[in-house]
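Visitor: Residue strings, one per chain:
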Amino acid sequence: MNDIPTRARAVIIGAGIVGNSLVYHLAKLGWRDLVLVDKGPMPNPGGSTGHASNFIYPIDYSKMMMELTRDSTEQYKQLGVFTESGGFEVARTPERMVELQRRCSASKAWEIPAEMMTPVQVRELVPFLDESVILGGAYFPTVGVVDSLRAGTLMREHAQSAGALTVLPNTEILGIDTANDGTGAGRSGGRVTAVRTSAGDIETEMCVICCGVWSPRLARMAGARIALTPIVHQMISVGPIAKFADTPGEISYPIVRDVDLNMYERQHGGDMEVGSYAHRPMIVNADSIPSIEQAVLSPTELPFTQDDFDPQLAEALELMPDLLGDERAGIRYAINGLISMTPDGHPVIGETPEVAGLWSVAASWIKEGPGIGRAAAEWMTSGAPEIDIHESDISRFWPHQLTTAHVTARASEGFNKMYGIVHPGEQWESGRPTRVGPAYDRERDLGAVFYEAAGWERPHWYESNAPLLERCEGRLMPRTAEWESRWWSPIINAEHLAMRESAALIDLTAFAVLDVSGPGALAAVQHVAVAQMDVAIGRVIYTSLLDEAGGFRGDLTIMRLATDRFRIVTGGATGPMDLKWITDHVPAGCNAAVSDVTSAWTTLGLWGPRAREILTRITSEDVSHAGMAFGTCKEIEACGLTVLASRISYVGELGWELYVPMEEGGKLWDALWDAGQPSGLIPAGIGVYGTTGRLEKGYRAFGNELTGDFNLVEAGMTRPKVKAQDFVGKAAYLSQREQPPAAVLCTLTVDDHASSSGELRYPLGGEPVLGPDGAVLTDSRGRTSYVTSAGSGPSVGKHILLAYLPAGEAVEGRSLAIEYLGERYPVTVAVAGSTPLFDPANDRIRC
Amino acid sequence: MVEICVCVKRVPMVGGSILVTPDGLDVDVSMSGFTVSPHEECAVEEAVQITERLGGSVTVLTLGPAEAAGQLRDMLALGAGRGVLLETDGAEWGPVATAAAIADAVRDRGFDLLLFGNEAADTGGYQVPVRAAHALGLQCVTGIKQLQITAGDGDPAGIVASREYRGADEVFKLPLPAVVSVKEGINLPRYPSLPGRLRAKRATIDTIEPSAGKDRLHKAGLRVPVTSSKGAQVLGSGAEAVPALVGLLDELGVLP
Numbered sequence: 007m008n009d010i011p012t013r014a015r016a017v018i019i020g021a022g023i024v025g026n027s028l029v030y031h032l033a034k035l036g037w038r039d040l041v042l043v044d045k046g047p048m049p050n051p052g053g054s055t056g057h058a059s060n061f062i063y064p065i066d067y068s069k070m071m072m073e074l075t076r077d078s079t080e081q082y083k084q085l086g087v088f089t090e091s092g093g094f095e096v097a098r099t100p101e102r103m104v105e106l107q108r109r110c111s112a113s114k115a116w117e118i119p120a121e122m123m124t125p126v127q128v129r130e131l132v133p134f135l136d137e138s139v140i141l142g143g144a145y146f147p148t149v150g151v152v153d154s155l156r157a158g159t160l161m162r163e164h165a166q167s168a169g170a171l172t173v174l175p176n177t178e179i180l181g182i183d184t185a186n187d188g189t190g191a192g193r194s195g196g197r198v199t200a201v202r203t204s205a206g207d208i209e210t211e212m213c214v215i216c217c218g219v220w221s222p223r224l225a226r227m228a229g230a231r232i233a234l235t236p237i238v239h240q241m242i243s244v245g246p247i248a249k250f251a252d253t254p255g256e257i258s259y260p261i262v263r264d265v266d267l268n269m270y271e272r273q274h275g276g277d278m279e280v281g282s283y284a285h286r287p288m289i290v291n292a293d294s295i296p297s298i299e300q301a302v303l304s305p306t307e308l309p310f311t312q313d314d315f316d317p318q319l320a321e322a323l324e325l326m327p328d329l330l331g332d333e334r335a336g337i338r339y340a341i342n343g344l345i346s347m348t349p350d351g352h353p354v355i356g357e358t359p360e361v362a363g364l365w366s367v368a369a370s371w372i373k374e375g376p377g378i379g380r381a382a383a384e385w386m387t388s389g390a391p392e393i394d395i396h397e398s399d400i401s402r403f404w405p406h407q408l409t410t411a412h413v414t415a416r417a418s419e420g421f422n423k424m425y426g427i428v429h430p431g432e433q434w435e436s437g438r439p440t441r442v443g444p445a446y447d448r449e450r451d452l453g454a455v456f457y458e459a460a461g462w463e464r465p466h467w468y469e470s471n472a473p474l475l476e477r478c479e480g481r482l483m484p485r486t487a488e489w490e491s492r493w494w495s496p497i498i499n500a501e502h503l504a505m506r507e508s509a510a511l512i513d514l515t516a517f518a519v520l521d522v523s524g525p526g527a528l529a530a531v532q533h534v535a536v537a538q539m540d541v542a543i544g545r546v547i548y549t550s551l552l553d554e555a556g557g558f559r560g561d562l563t564i565m566r567l568a569t570d571r572f573r574i575v576t577g578g579a580t581g582p583m584d585l586k587w588i589t590d591h592v593p594a595g596c597n598a599a600v601s602d603v604t605s606a607w608t609t610l611g612l613w614g615p616r617a618r619e620i621l622t623r624i625t626s627e628d629v630s631h632a633g634m635a636f637g638t639c640k641e642i643e644a645c646g647l648t649v650l651a652s653r654i655s656y657v658g659e660l661g662w663e664l665y666v667p668m669e670e671g672g673k674l675w676d677a678l679w680d681a682g683q684p685s686g687l688i689p690a691g692i693g694v695y696g697t698t699g700r701l702e703k704g705y706r707a708f709g710n711e712l713t714g715d716f717n718l719v720e721a722g723m724t725r726p727k728v729k730a731q732d733f734v735g736k737a738a739y740l741s742q743r744e745q746p747p748a749a750v751l752c753t754l755t756v757d758d759h760a761s762s763s764g765e766l767r768y769p770l771g772g773e774p775v776l777g778p779d780g781a782v783l784t785d786s787r788g789r790t791s792y793v794t795s796a797g798s799g800p801s802v803g804k805h806i807l808l809a810y811l812p813a814g815e816a817v818e819g820r821s822l823a824i825e826y827l828g829e830r831y832p833v834t835v836a837v838a839g840s841t842p843l844f845d846p847a848n849d850r851i852r853c
Numbered sequence: 010m011v012e013i014c015v016c017v018k019r020v021p022m023v024g025g026s027i028l029v030t031p032d033g034l035d036v037d038v039s040m041s042g043f044t045v046s047p048h049e050e051c052a053v054e055e056a057v058q059i060t061e062r063l064g065g066s067v068t069v070l071t072l073g074p075a076e077a078a079g080q081l082r083d084m085l086a087l088g089a090g091r092g093v094l095l096e097t098d099g100a101e102w103g104p105v106a107t108a109a110a111i112a113d114a115v116r117d118r119g120f121d122l123l124l125f126g127n128e129a130a131d132t133g134g135y136q137v138p139v140r141a142a143h144a145l146g147l148q149c150v151t152g153i154k155q156l157q158i159t160a161g162d163g164d165p166a167g168i169v170a171s172r173e174y175r176g177a178d179e180v181f182k183l184p185l186p187a188v189v190s191v192k193e194g195i196n197l198p199r200y201p202s203l204p205g206r207l208r209a210k211r212a213t214i215d216t217i218e219p220s221a222g223k224d225r226l227h228k229a230g231l232r233v234p235v236t237s238s239k240g241a242q243v244l245g246s247g248a249e250a251v252p253a254l255v256g257l258l259d260e261l262g263v264l265p
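If you read the sequences in order, they're chains A and B.
Sequence positions in the first sequence follow this note's numbering and run 7 to 853.
Sequence positions in the second sequence follow this note's numbering and run 10 to 265.
Isolated chain A (complex conformation) (with noise of 0.2 Å):
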């Protein structure tokens, strides 16, 4: 029996995989007084991990989600949980029969172990499989399963033994107590004083939520909200099977993943487990997940619903026809189980940014479990997980995103694409429009092709340039691959040389923008920037931020507005993340506000070598070179508006940012609009703005090239000074700056397009970067190069890459390939560093 503490440094709800493997780690890294509770018996309280198809495929869109799969499956192996058992996708249709053939690409820049295979090489080692259904498959070796409940139970027990944790079984949560006393740093909710359970309160300054399913709910006792939804993932298993009757141990046959048909299915000892996402999406209510003792099997496996899996039960017959059509064989296992399905599919981990010291660690795969548990221990101690997840930090979500009703439809939509062919182009659909800019019913008029970014609907090109495709022929690198050429246009290309020529007008209204004021806003801005910001007022900074270990955690710009104020412009996929970063980083007694305003304003670009002509149409202001320098911003008077200009640039040219309030930007792009039809103005969307221009002058994005994996030398943006003031990562910086670089970052240019069928092909990204050996190329710290992005470069006719490669191979001229779809094409490192491979002077920007 264990006595149930008073007193707790953490208090973790949850002990599924995740709840167990974050005690654990927690433990490793010297926390003491942990307390783990479930509503549950141990070792299976009766969550998603309970009933888990408990396999791992090394390959995933993600590459954060490889590496925490790597990262998981090492410590499965460690445990002694592992059983390798090879593993296929499959396919049934020739664009899946591509779609494999990329996977086995970009497995190679993650050195996974990935071959194509054809039929009858798959019935070689899957015997029972009719090799007349599919077309061909891709084999991956290292593909394996685990016993996810007894690694758990290690996982749990070693922090048990470690002196480090009480386990409260049996126990239910009451409460989640919090306090505002004005130590919760704005946060709406205060923080975390206590957890109130059936066996009593816990007094503690720090909860985290590792409940799957539950999550939402037991954060809502604490006024936070986790954007994730149960639904349901139909399983069977059929059995005795014949021929596994004399097979040893739990698996001897590979996995098989139907993907065409959302399917799976794997030899689980004496038995056929049968999978699949291809059912209608059931989104399943958390208040109506019934009791431990309401429950038929389990809270987590739900009465099977027969009538959505008859398609399954036939498509699973015609591929293993003898094996799962005899008749001996018998459905001995169905169920409707319960898993997390977040928006964006990835987890949700995070302290929240409604409650200090309220975490979240949810919606993880059996797959990521480990990884995560210890990526969210080491976040928990130090700030900076050695993997980079901030793509399943909590705080990325906006207000909308967090709904019940947006969460619950991406999720559906997201479902029956969980074995689809994922395009990196590729648009949701439901929910939208949500956020639209002032401008969005001109923008709509001029035929824009809307993409979403964080609900915002932004163009992406116009379908009233078309006009221009005539004018650019034989510039454009038309795209004639279908792969390619989807969610593109050569409009986006048409657009871009008529910004270099004249001037474009792009929509920037989804930047977040970020105010810090306040006596102690200068003190606020210069803890978390590693630029100097004690700037003039009217300087625009450039700057990132860094995490404590020196890894990128930020990247965005600083206007120092007045002595006690100064605005950040972010990403809008960012914006919530750079809020919660630099609140949370803001010094203790530093006397500094930090707000979210970017529903106050809209923002216009206007850029090209006649944005100058263009904007004094409109103002009678000195926005001459001399009267406005670049990396200035001030407040003009234009087309009877108050407009903040700031001069900088992501597309290379001259020109500006104008910032004016929401309510005002359709005047103030009207007035742009007719200033500058004499000029030959166009409207330009995202595809210029976020690929084209940036690439062209070796502009690094968040996210892209600049993650936690990779610092600044290596980024090539250093400078020749680091600020005497401290700042986040800046002992990291310092140390980094003292040794070569490992890697650098590298543009490269496609020297040759040709397949072998000699259409000219053009690698979208995430391709291995090879050696004259046909090796993926590797770092003495052992990161491999892949391509971090890829676009057309109009202006300079070659299709641009971004890369880091090994120090050594960083030389200008050197003649590399890269892997696409199973072929090499040659490239050449046309720069090793920052320098632009357009207007390398900078000459148009400066003028």
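If a hint is listed, it holds; no wrong ones were tucked in.
Straight-line Cα separation of at most 20 Å, EDC-like style, residue types lysine to aspartate or glutamate; simulated pairs:
hint, chain 1, residue 1, chain 2, residue 2
1, B, Lys210, A, Asp332
2, B, Lys210, A, Asp314
3, B, Lys210, A, Asp313
4, B, Lys210, A, Asp316
Hints are computed from structural coordinates only; laboratory data are not their basis.
Bear in mind that the values here come from a model prediction, so they are computed numbers and not experimental data.
With the hints as your guide, set chain B onto chain A.
Guide: Chain B alone, transformed into the frame defined by chain A:
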């Protein structure tokens, strides 16, 4: 060749603790769903085994709402050949009306054997098999744990059915046609195979309007009795616990 009709009932699936709907009239199945009573599942398995040995066919029949066709298909997947749904509006029918409707539906259909589960899992009335046999003028045995068809000249002549009672076996011999209700444990029902399930999905179910009956038994409501919470009660330790232990054994009636 034996023509068998097995009657099954759509009943709520329940876990360890049972919930009642807010109006107090039904079991709350929102978290569990429906299934066929365990005794009846064994009856279907028994029928399928008999026809596998001796030839013939198995019809499964139910009185219930349209959704009860799902339960029929579950039984078809085990090897039954035909399904008959006496479709109601979902209201609870009492045992008199149910038995009468079943009797009307099966009369003169040429069934050799009419099988039931001993009692339905939800209402536990024990009446429908007996009342149906009475309405049909057939002999009836209940609570059966073992069943054998005895041969006549090429045709089944009768059955030998047995059940346990207070440590002894009671054995009955009946001529066919007859009515038998069986108890769980008579066999171990198979799991449906994939082909079986697919055949069941494609099978036709005959839907018939049941003859209206009259019941004097009406459900007033459901009440979940208060049960004491489970837990271990420590009687004491060492020699001091002996009086309490002896008292408990006496209560249990195991002391000589």
